Amino acid sequence: DVKVTQSSRYLVKRTGEKVFLECVQDMDHENMFWYRQDPGLGLRLIYFSYDVKMKEKGDIPEGYSVSREKKERFSLILESASTNQTSMYLCASIQSGGNQETQYFGPGTRLLVL
Amino acid sequence: KQEVTQIPAALSVPEGENLVLNCSFTDSAIYNLQWFRQDPGKGLTSLLLIQSSQREQTSGRLNASLDKSSGRSTLYIAASQPGDSATYLCAVNDYKLSFGAGTTVTVRA
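Note that the protein sequences, when read in sequence, are chains A and B. Each residue of the first sequence is one higher than the one before, starting from 1 at the first, in this note's numbering. Each residue of the second sequence is one higher than the one before, starting from 115 at the first, in this note's numbering.
None of these hints come from the bench; they were simulated from the model. Since this is a predicted model, take the numbers as computed values, not measurements. There could be a bad hint or two in this list.
[What the hints assert, rightly or not] Label pairs and their in silico Cβ distance ranges: (1) A/Thr15 <-> B/Ala192: 47 to 55 Å; (2) A/Glu62 <-> B/Ala192: 17 to 25 Å; (3) A/Ser80 <-> B/Val134: 23 to 31 Å; (4) A/Pro107 <-> B/Pro196: 19 to 27 Å.
[What the hints assert, rightly or not] Pairs of lysine-lysine residues, derived as DSSO-like cross-links and limited to a Cα-Cα distance of at most 30 Å, are as follows: (5) A/Lys18 <-> B/Lys210; (6) A/Lys53 <-> B/Lys115; (7) B/Lys156 <-> A/Lys71; (8) A/Lys13 <-> B/Lys182; (9) A/Lys53 <-> B/Lys182; (10) A/Lys3 <-> B/Lys210; (11) A/Lys57 <-> B/Lys115; (12) A/Lys55 <-> B/Lys210; (13) A/Lys55 <-> A/Lys13; (14) A/Lys18 <-> B/Lys156; (15) A/Lys71 <-> B/Lys182; (16) B/Lys156 <-> A/Lys13; (17) B/Lys210 <-> A/Lys70; (18) A/Lys70 <-> B/Lys182; (19) A/Lys3 <-> A/Lys70; (20) A/Lys70 <-> B/Lys156; (21) B/Lys210 <-> A/Lys53; (22) B/Lys156 <-> A/Lys53; (23) B/Lys156 <-> A/Lys3; (24) A/Lys13 <-> B/Lys115; (25) B/Lys156 <-> A/Lys55; (26) B/Lys210 <-> B/Lys115; (27) B/Lys182 <-> B/Lys115; (28) A/Lys55 <-> A/Lys70.
Even for Gly, the Cβ is constructed at its ideal location relative to N, Cα and C.
Working from the sequences, and respecting the hints, build out all of it.
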């Protein structure tokens, strides 16, 4: 089974702190994604990566950056956390992005910014 | 920009009743549509994936239909059980996934 893991289930940070969210997948998938999920808004795509050191902006990239130094690891960075970044963050991966494949999701990180 | 809407936002039914969950999308130029399940505080689990060329897909008690021309999909869950209580999300793939806000289902024992 594909496994996608996220470094923390729950995280509490203060406004202005730099925050790292880590995601690791064990199936050698090429494509990885970061979403945030908020009540009533569904999942919104922040950034995605289709290869090592490659990244593309999603729908809401402002206030975030990403890093993909190794194929299995995709990090989301909040350079200066703000209260409006309090959310559930979900990481996902997929082999090639082909139209026959499904994305596999991690368990999520619930981030609270005070 | 693709917009995905799920109605209703919440649903409560007695055990044994059939569930009907609706999803609509604005741009019919899609590769596929997926239904996911999410339990509270957890990640998403894929239930069914329907290719744009397909009309329906079945897995056990679950059946999903797709009418691409009208921008609609319906997820049917037969003979609901308390274990079916969760949030169900629809996602449309038109090179990236666009999600609806979900329908939260409660099945009462």
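Hint by hint, here is what the structure shows:
no. : hint                              : verdict
1   : A/Thr15 <-> B/Ala192: 47 to 55 Å  : holds, 49 Å
2   : A/Glu62 <-> B/Ala192: 17 to 25 Å  : violated, 44 Å
3   : A/Ser80 <-> B/Val134: 23 to 31 Å  : violated, 45 Å
4   : A/Pro107 <-> B/Pro196: 19 to 27 Å : holds, 22 Å
5   : A/Lys18 <-> B/Lys210              : holds, 28 Å
6   : A/Lys53 <-> B/Lys115              : holds, 27 Å
7   : B/Lys156 <-> A/Lys71              : holds, 24 Å
8   : A/Lys13 <-> B/Lys182              : violated, 44 Å
9   : A/Lys53 <-> B/Lys182              : violated, 36 Å
10  : A/Lys3 <-> B/Lys210               : holds, 21 Å
11  : A/Lys57 <-> B/Lys115              : holds, 15 Å
12  : A/Lys55 <-> B/Lys210              : holds, 14 Å
13  : A/Lys55 <-> A/Lys13               : holds, 26 Å
14  : A/Lys18 <-> B/Lys156              : holds, 25 Å
15  : A/Lys71 <-> B/Lys182              : violated, 35 Å
16  : B/Lys156 <-> A/Lys13              : holds, 21 Å
17  : B/Lys210 <-> A/Lys70              : holds, 22 Å
18  : A/Lys70 <-> B/Lys182              : violated, 38 Å
19  : A/Lys3 <-> A/Lys70                : holds, 16 Å
20  : A/Lys70 <-> B/Lys156              : holds, 26 Å
21  : B/Lys210 <-> A/Lys53              : holds, 19 Å
22  : B/Lys156 <-> A/Lys53              : holds, 28 Å
23  : B/Lys156 <-> A/Lys3               : holds, 14 Å
24  : A/Lys13 <-> B/Lys115              : violated, 33 Å
25  : B/Lys156 <-> A/Lys55              : holds, 26 Å
26  : B/Lys210 <-> B/Lys115             : holds, 11 Å
27  : B/Lys182 <-> B/Lys115             : holds, 16 Å
28  : A/Lys55 <-> A/Lys70               : holds, 13 Å
In summary, the structure is inconsistent with hints 2, 3, 8, 9, 15, 18 and 24 from the numbered list given earlier, while agreeing with the others.
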